[in-house]
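One line per chain: the protein sequences are A and B, in this order.
Residue 79 in the numbering used here is what sits at position 79 of the first sequence, and the numbering runs on without skipping anything.
Residue 73 in the numbering used here is what sits at position 73 of the second sequence, and the numbering runs on without skipping anything.
Derived by calculation from the structure, the hints in this document are not laboratory data.
Note that the coordinates shown come from a computational prediction; the quantities given were computed from them, not determined experimentally.
Hints are not guaranteed to be accurate.
[Stated by the list, open to error] Ranges of calculated distance between the beta carbons of each label pair, as one might list FRET restraints:
| # | chain 1 | residue 1 | chain 2 | residue 2 | range |
| --- | --- | --- | --- | --- | --- |
| 1 | B | L111 | A | G366 | 14 to 22 Å |
| 2 | B | K3 | A | L87 | 50 to 58 Å |
| 3 | A | G333 | B | M66 | 47 to 55 Å |
| 4 | B | P52 | A | D201 | 36 to 44 Å |
| 5 | B | A107 | A | S63 | 34 to 42 Å |
| 6 | B | I59 | A | V71 | 53 to 61 Å |
[What the hints assert, rightly or not] Okay, derived cross-link-like pairs now, DMTMM-like style, lysine to aspartate or glutamate, Cα gap no bigger than 20 Å in a straight line:
| # | chain 1 | residue 1 | chain 2 | residue 2 |
| --- | --- | --- | --- | --- |
| 7 | A | K86 | A | D223 |
| 8 | B | K42 | A | E430 |
| 9 | A | K156 | A | D77 |
| 10 | B | K3 | B | D15 |
| 11 | A | K350 | A | E388 |
| 12 | A | K2 | B | D114 |
| 13 | A | K273 | A | E199 |
| 14 | A | K350 | B | D114 |
| 15 | B | K42 | A | E393 |
| 16 | B | K93 | B | D35 |
| 17 | B | K42 | A | E427 |
| 18 | B | K42 | A | D274 |
| 19 | A | K338 | A | D439 |
| 20 | B | K3 | B | D114 |
[To be verified] Stretch-level coverage of chain A by chain B, calculated; a stretch enters the list once three of its residues show a Cβ under 8 Å from a Cβ in chain B:
| # | segment |
| --- | --- |
| 21 | 212-222 |
| 22 | 241-248 |
| 23 | 293-303 |
| 24 | 355-368 |
Backbone N, C-alpha and C define an ideal beta-carbon position, used for all residues, glycine too.
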Amino acid sequence: MKRRSLLIGFLATFVVLAPLAWFWHASLVPSTYSVMDMGYIDTGGAPTQHDGHHGGSTTSVESLVEDPDRVADVVVDLTARRGKIKLASGETVDGYTLNGRSPGPTITARVGQLVEVRATNANVPDGIALHWHGVDVPNAEDGVAGVTQDAIPTGKSHTYRFVVDRVGSYWYHSHQVSHVQVTRGMFGPLIVLPVDGIEQDHDVAAVAHTYRGARTLNGVRGDVPVVAAEGETVRVRAINTDNGPMRVWSDTDYRITAIDGTEVNQPTPIDGKDVTVTAGGRIDLVVTSPARVQIGGATALLIGPEGTPPTTRPPPPTSQVDLLTYGTPTSTGLDASKPDREFTYSVDRKPGFVDGVPGLWWSINGHLFPEVPMFMVSEGDVVVMHIENHSGEVHPMHLHGHHALVLSRDGTSSTGSPWWTDSLDVEAGESYDIAFLADNPGIWMDHCHNLTHAADGLVAHLMYEGVSTPYVVGGDAENSPE
Amino acid sequence: MRKTYRIVADIIAIDVVIQAMAMVFAIAGLFKWIDDGATLDKSVIESWEEDPPTWTGSIGHFIHVMNGTYLIPLLGIILLVVSFFVGMEGAVKWAAIIAVSIAVQVAVGLLSGDSPYLGLVHGLNAFVLFAAALMAAKLAKEAKPDLVGASANKP
Numbered sequence: 001m002k003r004r005s006l007l008i009g010f011l012a013t014f015v016v017l018a019p020l021a022w023f024w025h026a027s028l029v030p031s032t033y034s035v036m037d038m039g040y041i042d043t044g045g046a047p048t049q050h051d052g053h054h055g056g057s058t059t060s061v062e063s064l065v066e067d068p069d070r071v072a073d074v075v076v077d078l079t080a081r082r083g084k085i086k087l088a089s090g091e092t093v094d095g096y097t098l099n100g101r102s103p104g105p106t107i108t109a110r111v112g113q114l115v116e117v118r119a120t121n122a123n124v125p126d127g128i129a130l131h132w133h134g135v136d137v138p139n140a141e142d143g144v145a146g147v148t149q150d151a152i153p154t155g156k157s158h159t160y161r162f163v164v165d166r167v168g169s170y171w172y173h174s175h176q177v178s179h180v181q182v183t184r185g186m187f188g189p190l191i192v193l194p195v196d197g198i199e200q201d202h203d204v205a206a207v208a209h210t211y212r213g214a215r216t217l218n219g220v221r222g223d224v225p226v227v228a229a230e231g232e233t234v235r236v237r238a239i240n241t242d243n244g245p246m247r248v249w250s251d252t253d254y255r256i257t258a259i260d261g262t263e264v265n266q267p268t269p270i271d272g273k274d275v276t277v278t279a280g281g282r283i284d285l286v287v288t289s290p291a292r293v294q295i296g297g298a299t300a301l302l303i304g305p306e307g308t309p310p311t312t313r314p315p316p317p318t319s320q321v322d323l324l325t326y327g328t329p330t331s332t333g334l335d336a337s338k339p340d341r342e343f344t345y346s347v348d349r350k351p352g353f354v355d356g357v358p359g360l361w362w363s364i365n366g367h368l369f370p371e372v373p374m375f376m377v378s379e380g381d382v383v384v385m386h387i388e389n390h391s392g393e394v395h396p397m398h399l400h401g402h403h404a405l406v407l408s409r410d411g412t413s414s415t416g417s418p419w420w421t422d423s424l425d426v427e428a429g430e431s432y433d434i435a436f437l438a439d440n441p442g443i444w445m446d447h448c449h450n451l452t453h454a455a456d457g458l459v460a461h462l463m464y465e466g467v468s469t470p471y472v473v474g475g476d477a478e479n480s481p482e
Numbered sequence: 001m002r003k004t005y006r007i008v009a010d011i012i013a014i015d016v017v018i019q020a021m022a023m024v025f026a027i028a029g030l031f032k033w034i035d036d037g038a039t040l041d042k043s044v045i046e047s048w049e050e051d052p053p054t055w056t057g058s059i060g061h062f063i064h065v066m067n068g069t070y071l072i073p074l075l076g077i078i079l080l081v082v083s084f085f086v087g088m089e090g091a092v093k094w095a096a097i098i099a100v101s102i103a104v105q106v107a108v109g110l111l112s113g114d115s116p117y118l119g120l121v122h123g124l125n126a127f128v129l130f131a132a133a134l135m136a137a138k139l140a141k142e143a144k145p146d147l148v149g150a151s152a153n154k155p
């Protein structure tokens, strides 16, 4: 009897523990792997010719560079350090700086110029890599450790070269252990001006970031004064470097002149509404001085003549600008009516293990990391991607190396200005159809820019047929892109 | 085994109390932090894991999450496994009730951010779990060792 009881006990234990042990073991991610071997191939309905790791001639991402003979127009040296960040309010926080500060220096170039950045890692133990967020650089310059380069170790440098061929507001940030390094300050603004400069009288970058719970604009807490004579126009470049969406509004009329760097066609004045800048996204807006531009609940630009007394925060608007209907339609130059590839990127949550850790994790098309899709394209393809969010939480979806055109949201077509984006706020329960031209060969991350979500596995890749990467996640360089 | 069963059930009950204490500590500290001029929004919450704000009580949030997501479910599994060997009437039943209650508690805890009303279930179910853990411990305490041994030794 005792023996039978014991046997039943062991059997019951096996029934409880065996599935857990199996799921746990199956979820373990090797310490070193190539993103090319991750998950499963999704051809988007097109026949596959060959891919990077299944034979055939391939182009290495290393060779996807800017013309090496072209002389740089803008040369910048950036040195990354781990240490104390001193906020303008006097507080110091532990973090990462570029050239001794956070945010790092503003890189300014004119459209068409070649920018050359020499990035040096002074003492960041995990290594660094710099990504040019929103700039469609050649793949080798994308700055993703383990995909397009090895992380730059302590004491070493790496040079990035790319042509800025689109006017607009961008930013750069680390893409090595990014959920830690960006959160702790390794980023800066990148502004591309038209050849003849901007129309407005003043140009102000408003780089929003939260350091240890302290909301800041350009590293300053609270109100940031901007001197502009009454009646002068000010272009405000709101850049959200945080992980959550940020609302922007003003106590005067404003116009949204650019979304993620791309100009809005015929923007109309906005009154009493706010606009969401998604994590990683940028919104340019124009106001006439004096004005108070509220960037999130806790920080603002106080625009006015010298000595303008502080104003109080205008009440948060109860309605929002809908970018799907804002501005006036015009030619997009992209016919997405007969796409060559159609993909679904459906985000949900699923209980299970990711790399041995139990939890309720993000899933992509029903799979947990690393069983995520590899979206395969060929150069020249018109691609439509259907993004769905069933996860109950907002996700700022960021596609590297491309600008996508928003076609519709929840089945309703865009009726405003062509809405080009690289960082799209997909609210819980929403779905978007976006389209882009596959015109930049390489292997590109397509991930949630809530970098904590990315670190938890909300990451997929877009891969061009015939392209391969010699770099690996992990390895001797200890690459860890998320 | 009976003693192990009782101790694990007691630890689960104590852990539920710690969960309540830690959460109130965290919320009280959070309100003071906001009252002192800080701002809480999505960006702060999302950078929490990598760069936690240093308000008094923030450790309470951390304890609640780690305890609730990992430690208590682990204890629930241990109790269930122990119940298979304890040879005591009702042991498996109470361990199963506790395991289901923990599963519900973790699920509604994780989902209550999307559906706040689930927070009511989370609060109510904490009492169910607490009571079930006490019942399981009481069962083990009151079961006579000789009877347990006798029943196990019967041919």
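Each hint tested on the structure:
1. L111(B) <-> G366(A): 14 to 22 Å: The hint (14 to 22 Å, Cβ to Cβ) holds, given that L111(B) and G366(A) are roughly 18 Å apart.
2. K3(B) <-> L87(A): 50 to 58 Å: For K3(B) and L87(A) the Cβ distance comes to about 55 Å; the hint holds.
3. G333(A) <-> M66(B): 47 to 55 Å: Given a distance of about 52 Å, which is inside 47 to 55 Å, the answer is holds.
4. P52(B) <-> D201(A): 36 to 44 Å: holds (42 Å)
5. A107(B) <-> S63(A): 34 to 42 Å: violated (49 Å)
6. I59(B) <-> V71(A): 53 to 61 Å: At 55 Å between Cβs, range holds.
7. K86(A) <-> D223(A): holds (17 Å)
8. K42(B) <-> E430(A): holds (18 Å)
9. K156(A) <-> D77(A): holds (13 Å)
10. K3(B) <-> D15(B): holds (18 Å)
11. K350(A) <-> E388(A): Within the cut-off at roughly 15 Å; holds.
12. K2(A) <-> D114(B): This hinted pair is violated, its Cα atoms lying about 49 Å apart.
13. K273(A) <-> E199(A): violated (24 Å)
14. K350(A) <-> D114(B): Roughly 14 Å separates the two Cα atoms, so the pair holds.
15. K42(B) <-> E393(A): Distance ~11 Å between K42(B) and E393(A) Cα, so the pair holds.
16. K93(B) <-> D35(B): violated (47 Å)
17. K42(B) <-> E427(A): holds (13 Å)
18. K42(B) <-> D274(A): holds (16 Å)
19. K338(A) <-> D439(A): Judged against 20 Å, a Cα distance of about 17 Å means the pair holds.
20. K3(B) <-> D114(B): violated (40 Å)
21. 212-222: holds (count 4)
22. 241-248: holds (count 5)
23. 293-303: Check passed, 3 qualifying residues.
24. 355-368: holds (count 3)
Against the hints set out earlier in the document, violations occur for numbers 5, 12, 13, 16 and 20.
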